[in-house]
Amino acid sequence: MPEQVIFGMEVFLNGLMAGVLYALVALGFVLIYKASGIFNYAQGVMALFAALTLVGIMEGQVPFSHLINAALGTDLHHFGWHVPAFLAILLTMVVMVALSWLVNKIIFKHLVNQEAIILFMATIGLAYFLEGFGDIMWGSEIKKLDVGLPQGINSLIDETTFKIFDYGFFIDNLDIVATIVAALLVCALVAFAQYSKQGRAMRAVADDHQAALSVGISLNFIWVMVWSLAGFVALVAGIMWGTKSGVQFSLSLIALKALPVLMLGGFTSIPGAIVGGLIIGVGEKLFEFIMSSQAIAGQLFGFTLSATENWFAYVLALIFLVFRPQGLFGEKIIERV
Amino acid sequence: MLDASEGYTTDDGRKIGGVVMEMKNITLRFGGVVAIKDISFDIRQGEIRAIIGPNGAGKSSMLNVISGFYNPQEGEVWYQGSKRPPMRPYQVAQQGIARTFQNIALFEGMTVLDNVMTGRIRQMNAGLFSQALWKGKAENEEVENREVVEKVIDFLEIQAIRKTPVGRLPYGLKKRVELARALAAEPSILLLDEPMAGMNVEEKEDMSRFILDVNDEFGTTIALIEHDMGVVMDLSDRVVVMDYGMKIGDGTPDEVRSNQAVIDAYLGVAHD
Chain L
563 MPEQVIFGME
573 VFLNGLMAGV
583 LYALVALGFV
593 LIYKASGIFN
603 YAQGVMALFA
613 ALTLVGIMEG
623 QVPFSHLINA
633 ALGTDLHHFG
643 WHVPAFLAIL
653 LTMVVMVALS
663 WLVNKIIFKH
673 LVNQEAIILF
683 MATIGLAYFL
693 EGFGDIMWGS
703 EIKKLDVGLP
713 QGINSLIDET
723 TFKIFDYGFF
733 IDNLDIVATI
743 VAALLVCALV
753 AFAQYSKQGR
763 AMRAVADDHQ
773 AALSVGISLN
783 FIWVMVWSLA
793 GFVALVAGIM
803 WGTKSGVQFS
813 LSLIALKALP
823 VLMLGGFTSI
833 PGAIVGGLII
843 GVGEKLFEFI
853 MSSQAIAGQL
863 FGFTLSATEN
873 WFAYVLALIF
883 LVFRPQGLFG
893 EKIIERV
Chain B
12 MLDASEGYTT
22 DDGRKIGGVV
32 MEMKNITLRF
42 GGVVAIKDIS
52 FDIRQGEIRA
62 IIGPNGAGKS
72 SMLNVISGFY
82 NPQEGEVWYQ
92 GSKRPPMRPY
102 QVAQQGIART
112 FQNIALFEGM
122 TVLDNVMTGR
132 IRQMNAGLFS
142 QALWKGKAEN
152 EEVENREVVE
162 KVIDFLEIQA
172 IRKTPVGRLP
182 YGLKKRVELA
192 RALAAEPSIL
202 LLDEPMAGMN
212 VEEKEDMSRF
222 ILDVNDEFGT
232 TIALIEHDMG
242 VVMDLSDRVV
252 VMDYGMKIGD
262 GTPDEVRSNQ
272 AVIDAYLGVA
282 HD
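Residue numbers (the working numbering), protein chains in the order written: chain L, 563 to 899; chain B, 12 to 283.
Check each hint, because a few of them may be wrong.
Label-pair restraints from in silico Cβ distances [as the list claims (entries may be wrong)]:
id: 1; chain 1: L; residue 1: F885; chain 2: B; residue 2: S199; range: 46 to 56 Å
id: 2; chain 1: L; residue 1: I668; chain 2: B; residue 2: V212; range: 45 to 55 Å
id: 3; chain 1: L; residue 1: I668; chain 2: B; residue 2: G43; range: 29 to 39 Å
id: 4; chain 1: B; residue 1: D227; chain 2: L; residue 2: Y757; range: 32 to 42 Å
id: 5; chain 1: B; residue 1: D227; chain 2: L; residue 2: L653; range: 51 to 61 Å
id: 6; chain 1: B; residue 1: F41; chain 2: L; residue 2: I668; range: 41 to 51 Å
So these bits of chain B aren't anywhere near chain L, every CB distance computed over 10 Å [what the hints assert, rightly or not]:
id: 7; residue: R40
id: 8; residue: K48
id: 9; residue: M121
None of these hints come from the bench; they were simulated from the model. In this text, a Cβ means the ideal position worked out from N, Cα and C, and glycines have one as well.
Based on the provided sequences and hints, a complete structural model is requested.
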C-alpha cells in the first residue's frame, strides 16, 4: 500500500477524533435551540466557565481571590485542600444548574415571545459577562486540568497498525475516551428526548408554548432543565478540551468552530451535531493533508496550500448554506401559501 | 328548576350535579378596554355549558380567564368549592382543566400519539431515574397512561393516523387530535374554544357527535364557545349569552332563544 494512503488513514482517524470534540460543543447549541429557539452564543463560554470552575474546585482555589485580596489587603489564594475529581465534577454540575436557573430568572424570563434576534443578542451579552465573571472568579492564567483521564499514544493501536502497515498510527487515548463519552452522551440525550416524560415535555415546549401551557407544562421548569442539560454538555466539552489543551480563555473560541458544524448537521438535530462534527473534523484534516502534500496536491494541481484548517470548515458551511440551508438533518422549512 | 342547588335533570334524562366552577362578578380589562364586565355564572358537574355571543363579545376572553391565560382584575373564580388564587395556565391545567384553542395549538412536529400522550403529563409522576431504568413505577405508569391514550384515540376514531406527524394532517383532523389531547388528561372540565370553527357541514356533524359522546360516555363536564347558534342550541344544556362584554342571557336553549335581549343582539335592533 502506498505510504500516502496509510498516512491518509491516520489523518482520517485523527480527524474523526477532532470532530468528536467539535460535536460535543455543537451538541450544547442544539439542545437549547431545539427547546427554546435560542441560538446560545454563550455555549462556548459556558464550556470555559465549567472547566474553570472544575479546576478551581479541584485545586481548592478561593473564588474572587484577586477581588478579596485587593479589597481587604489579604493574601488568600488557596483553601489548601484538594477535592477528588468525581466530587468536583458533581459540585461543578451544581454550579451549572444554579447558573441555568439564574440565566432564566434574570434574562430569559423577561424575554418570552421576543424575536429570535433579541434572544440571540442577549446570549452575546451573557457570553461576555460570563467570560469576565469567570476571569474575576478564578483568574485568567492557563490552568492544567487532570481529572484522571488517560492521555498519550494508544500503544495497542500503535502496535497493531505497525504490524499491518509497518507504520504505527498515533491516536491519543484522550481522543478515544472523548469519542466513547460523546457516543454515550448522544445515546442518553436521544433516549431522554424521545422516551422520558420530561423529554416529551421539552419537545412540546419547543413546538408550541401555548399548547404546552394548556397541558400543564411549566415553561420555566423546562427552560431551566434544558439550560442545565446544556451546562452539563458544556462541562463534558470543557473537561475534554481542558484536558487536551489546558483551561484557557481561547477555549471560548471553539464555539466558533461549532457554527459550521451546526450548519452542516442542522440546528435542530442531535445526531446531526455529531455527524456534522465528524465531517468537519475529517474534512479539514484530510483537506489539509492533501493540499499541503507536495506528493499529492503538488502532483495533481501543481501547487500546495497550507493552514487550510483555519478556513476549510467555514467554506464548507458556506457551500451547504447555498445548497441545503437546513443542514443534513435539520427540519425542512416549508412555508404554506 | 335551574336554581336548585343540588343539580337538575335534563330533557333527555341526564342527571346534572352540583356546581364545579363558579365565576363571580368577573371583570377583565385590557388598558382602557373592558373585555368582560361584571359577569357571573356557574358550570355544573356533567353538563354541556355553552358561552355564545356575536364577534367581539368577550367569549374567548372568558374562556381564557377560566383556563388561567388571563387573570381578571375583579371578581372571583371558584373551583371545586374553593376560591382559586391567580394562577398560571399550566397550574390551572394541572388542576384538571383541559382546553382546546380556536386556532389549534398542537405540537406540529410530533406524531398524533405523542401529542395525545402530552395530555397525560399531569398523571405521570415517575422520577427521571426510574424512567431511565424503565423499572417499576415508570413502566407501570407508561403502560397505564398508554392505555388511556389508546382508548381516547379509538373513541375519536383517529387510530389510522396515530403515527402521522400532526403537521401533515388536514384542519378537521387536527381539531380532533386537539380534542383527543385535552380528553386524554381526563379533565374535570373540558374547555372548547370554537370547536366547529372553519369546518364544513360534515365535519361539524362529526364534531358535535364527538362532543355529545364524550359527555355521555365519560361524564365529562364541557364548557364551549361557539357562534354558530344552531349547533349550540342542539348541543348544550345551558347557555350563557354575552354581548359587548356583558351577560345578556343565561338559561336553557329554549329560554335563551325567546329572550328579547338575545334576539336583539343577534338580529340587530331597530333604532327609532
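Index of numbered hints that the structure contradicts, given in increasing order
Hints 6, 9 not satisfied by this model.
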